[in-house]
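A.B. asks: Residues per chain, in single letters:
2 protein chains.
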Amino acid sequence: MINEVTQEQKNIDAFLAANSDKKVVVVQGLGFVGAVMSIVVANSDANEYAVIGVDLPNRKPVIDTLNNGEFPIHSTDAKVYEYFENARKRNTFYATSDNYAYTKADVVIVDINLDVAKEVGVDKKLEGYSVNMDGFKAAMHTIASRCKEDVLILVETTVPPGTSQKIVRPIFEEEFEKRGLAPTFKIGHSYERVMPGPGYVDSIKNFYRVFSGINEESADAVEKFLHTIITTDEYPLTRLGNTNATEMSKVLENSFRAMNIAFIQEWTEFAESAGVNLYEVVNAIRMRPTHQNIMRPGLGVGGYCLTKDPLLASWASQELFDSITLTQSEKAVSINDRMPLHTYKTITKHFGADLYGKKVLILGVSYLQNVGDTRYTPVELLYDKLEADGTEIVLHDPFVPQWVEKDMMIDGGDDAFDGAYDAVIIGTPHDIYVKDGKLDSFLSKSDNLVVFDSHGVIGDELRKKHTNHEFKIIGRGDV
Amino acid sequence: MINEVTQEQKNIDAFLAANSDKKVVVVQGLGFVGAVMSIVVANSDANEYAVIGVDLPNRKPVIDTLNNGEFPIHSTDAKVYEYFENARKRNTFYATSDNYAYTKADVVIVDINLDVAKEVGVDKKLEGYSVNMDGFKAAMHTIASRCKEDVLILVETTVPPGTSQKIVRPIFEEEFEKRGLAPTFKIGHSYERVMPGPGYVDSIKNFYRVFSGINEESADAVEKFLHTIITTDEYPLTRLGNTNATEMSKVLENSFRAMNIAFIQEWTEFAESAGVNLYEVVNAIRMRPTHQNIMRPGLGVGGYCLTKDPLLASWASQELFDSITLTQSEKAVSINDRMPLHTYKTITKHFGADLYGKKVLILGVSYLQNVGDTRYTPVELLYDKLEADGTEIVLHDPFVPQWVEKDMMIDGGDDAFDGAYDAVIIGTPHDIYVKDGKLDSFLSKSDNLVVFDSHGVIGDELRKKHTNHEFKIIGRGDV
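Read top to bottom, the protein sequences are chains V and F.
Count along the first sequence from 1, add 100, and you get the number used in our numbering.
Count along the second sequence from 1, add 100, and you get the number used in our numbering.
Treat the hints as calculated values from the structure; they're not laboratory data.
There's no promise every hint is true.
Remember, identical chains collapse to one label, so a pair may be satisfied in a single copy or spanning two.
Below, in silico cross-link-like pairs of lysine-lysine (BS3-like), each with a Cα-Cα straight-line distance of 25 Å or less [said to hold, decoys possible]:
#1 431 with 225
#2 248 with 564
#3 189 with 218
#4 431 with 218
Use the sequences and the hints to build the structure in full.
C.D. replies: Quick look at the structure:
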């Protein structure tokens with residue numbers, strides 16, 4: 101083992117020797133954010149950074165993939181591959197699991213995950229939750245025990261508000277004291293607003309950023325660094341008063357959205373009882389600028405952020421600041437987690453029984469339109485309910501060759517459309533299904549089919565064209 | 101009495117004889133909406149309507165005021181008086197309490213109130229609520245028992261979704277059957293989006309409208325009528341599928357706002373615990389188009405709509421459609437009703453005790469900036485709490501000469517600024533206080549003063565200028 105480590109240290113030293121004119125940026129965590137953040141920094145306009153991406157030893161496959169010249173995340177954004185290729189040409193990016201990298205860093209960007217553990221009952225009923233900071237704390241110790249004295253730590257992880265001040269800073273003070281050093285480190289927080297999808301790179305490079313530091317010197321250092329990475333002429337930076345503020349800003353953004361989705365979900369059920377097409381109503385309301393952010397009914401909420409950030413916030417309020425429970429925000433998660441049950445119940449009600457033995461095609465598995473991200477996809481609960489009933493389910497999603505969380509391969513081609521089904525459910529409103537005509541041509545050769553449009557994407561034109569088929573459209577007043 | 105009624109009928113006949121070339125529009129209810137709606141219709145571009153405003157006999161003072169050439173509602177919108185004057189010149193408006201008017205109407209516009217009765221505990225804690233439809237039903241019987249056979253009933257009142265179909269229509273069917281008539285009436289629903297204030301008339305005439313009818317013929321009639329009243333070239337009408345939809349749209353709009361205010365109130369308390377200036381955070385978040393409707397912290401919620409519409413909706417869902425409780429919407433009202441307690445508690449905490457014997461100036465009494473509307477103003481709960489503590493309170497509001505709900509006269513001049521106070525609370529962020537400098541000049545001659553900026557309107561400039569005074573700004577991280 102000692103030999104292996106030494107060899108890896110030599111690799112790192114060689115990489116840095118080839119970049120001796122550059123500052124060293126280490127990105128901790130090579131997931132959805134860290135991987136792209138790494139290559140954006142490695143493509144800085146002035147070519148001033150050598151970037152080392154560090155992840156845990158159990159993520160060796162990802163590290164090897166990166167070093168072998170392949171980007172490990174499938175993306176529809178061509179810029180991702182372009183940036184990655186260019187970083188390789190420049191030789192400004194290297195991936196490793198060796199903590200030795202931290203000893204060389206001028207800047208460490210923290211992009212590791214911080215999860216909420218939900219306690220759920222039947223049908224994902226939220227019964228409690230907890231936030232375990234142990235992994236995050238360990239990661240901070242890892243850096244603090246070996247970093248350079250004047251390092252800048254830039255936390256990008258979505259953390260419970262209060263984390264930089266109450267958790268990160270004390271760890272650095274403790275480790276620096278152990279090392280006999282004055283607390284000369286700088287700690288800042290700046291959250292990304294990464295959207296996987298066609299604007300993946302732009303969502304980091306060309307988008308507004310909010311930042312802060314634990315003191316003026318730290319905030320200044322973050323500001324200077326971000327100016328070299330982000331197109332700040334077009335997307336000016338916003339400096340907030342303290343790290344609590346930026347940390348709160350991130351979870352507030354996501355809680356706002358989660359809560360507005362939960363709100364409209366309750367109205368969806370009311371609207372259906374009253375025979376009201378809520379899509380039509382929401383479109384009318386959105387004409388008012390003060391109401392443009394009202395949400396549309398859908399199947400459910402997925403992804404890494406909206407499903408947990410309101411809980412991170414409420415946890416922080418109670419545990420780190422001895423303040424109130426954010427009841428509206430917690431309730432939002434609880435409503436959203438169960439949203440897919442509504443589609444399930446509507447289908448079941450339509451058939452007058454569960455779907456035992458029926459054959460159902462689910463179009464779209466990911467949680468987001470035109471993107472292959474399946475983390476916490478709401479399709480999962482729908483799938484689980486149908487499967488438990490003994491329904492024969494066929495999944496289709498061109499963006500998801502493999503549903504990692506279920507360890508299932510998924511067909512993304514046209515074979516799925518050759519079968520005969522009792523019902524088709526739109527799980528994710530990918531453009532190919534309605535906008536680009538896939539559903540249209542499928543309906544032309546189908547009969548006695550129930551279509552559940554969980555997202556209200558099927559317009560009047562398509563409905564009129566296929567009047568010989570049976571359509572059932574959730575939330576459009578005809579269920 | 102019979103003679104009096106007959107005289108009034110003669111008055112009505114004379115008014116209509118002078119307008120024999122015109123169609124007759126009766127507006128039922130001469131409150132905030134009905135009064136302005138009346139004069140907008142009386143000013144139709146083609147001068148095609150004679151308008152009779154009808155209100156209950158106990159509203160005789162308002163009726164007399166109108167017929168004597170004075171508009172009964174104080175407004176900062178010059179157009180209100182211009183329109184009223186022009187209607188008088190045209191002789192196209194008359195007010196009465198005589199139901200005889202309904203026998204003459206081609207169109208009846210329903211603009212009466214429909215209230216929610218809240219059951220409240222200590223400090224306005226919402227413990228229950230009920231909707232009493234009796235008054236509304238009686239008003240419908242009044243019309244249906246005497247209207248013309250082909251009348252168009254246009255309901256503008258904010259009603260529980262389902263009302264036109266489940267309550268209005270059956271009453272008309274019943275009364276027409278009693279009268280031996282076929283059900284030839286037309287019933288439509290179109291809600292206004294009236295904003296009292298400088299755009300009072302425009303909020304009716306120059307704004308988007310949503311409409312519907314209980315059948316195609318009714319919806320067509322509403323559409324035709326609205327085209328003659330509203331600038332539909334610029335603000336196109338939106339036709340929805342049924343009256344449930346438009347009725348729902350109105351209360352959904354207001355619930356959306358109420359809920360977003362309640363949401364941010366919880367975060368305000370969290371932010372203050374964490375020393376975060378939430379205004380700064382919200383401004384940063386609003387840079388994202390998807391988050392522009394996030395609200396700012398404030399003193400509380402007032403007015404006639406946001407304080408009750410979410411409850412009307414939830415009541416309708418449960419009582420008229422046997423559907424779900426709108427929990428997020430009900431909770432919003434419950435949080436908002438108590439919002440002013442937060443300002444009260446912050447003040448009390450600052451002084452370390454209640455404000456017994458202290459002298460406090462409250463700037464602004466109405467519920468809305470630059471408007472004199474005091475209906476359900478949140479200042480009331482703040483006032484009541486301070487008064488119960490034995491605080492000496494001085495109120496100031498240039499838009500509210502009389503606080504009707506409290507039967508108090510209010511000083512709107514500069515005398516209030518001559519006193520010496522322990523604290524000044526911004527109750528309503530009227531422009532005169534901060535933007536137009538009233539507070540600035542007051543602070544120049546004050547000392548040892550605590551200023552509670554419940555709305556975050558005091559900027560850095562004013563704060564820096566008066567550093568010799570003590571400022572306490574709620575929600576800005578320095579409380």
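A.B. asks: Would you mind marking each hint as holding or not holding in the structure?
C.D. replies: To see whether the hints hold, each was checked on the structure:
Taking the closest pair of Cα atoms, residue 431 and residue 225 come within 25 Å of each other both inside a single copy (11 Å) and across two copies (20 Å). Taking identical chains as interchangeable, the C-alpha atoms of residue 248 and residue 564 are never at most 25 Å apart, the minima being 68 Å within one chain and 39 Å between chains. Taking identical chains as interchangeable, the C-alpha atoms of residue 189 and residue 218 are never at most 25 Å apart, the minima being 44 Å within one chain and 70 Å between chains. With identical chains, the CA atoms of residue 431 and residue 218 are at most 25 Å apart both within one copy (13 Å) and between copies (24 Å).
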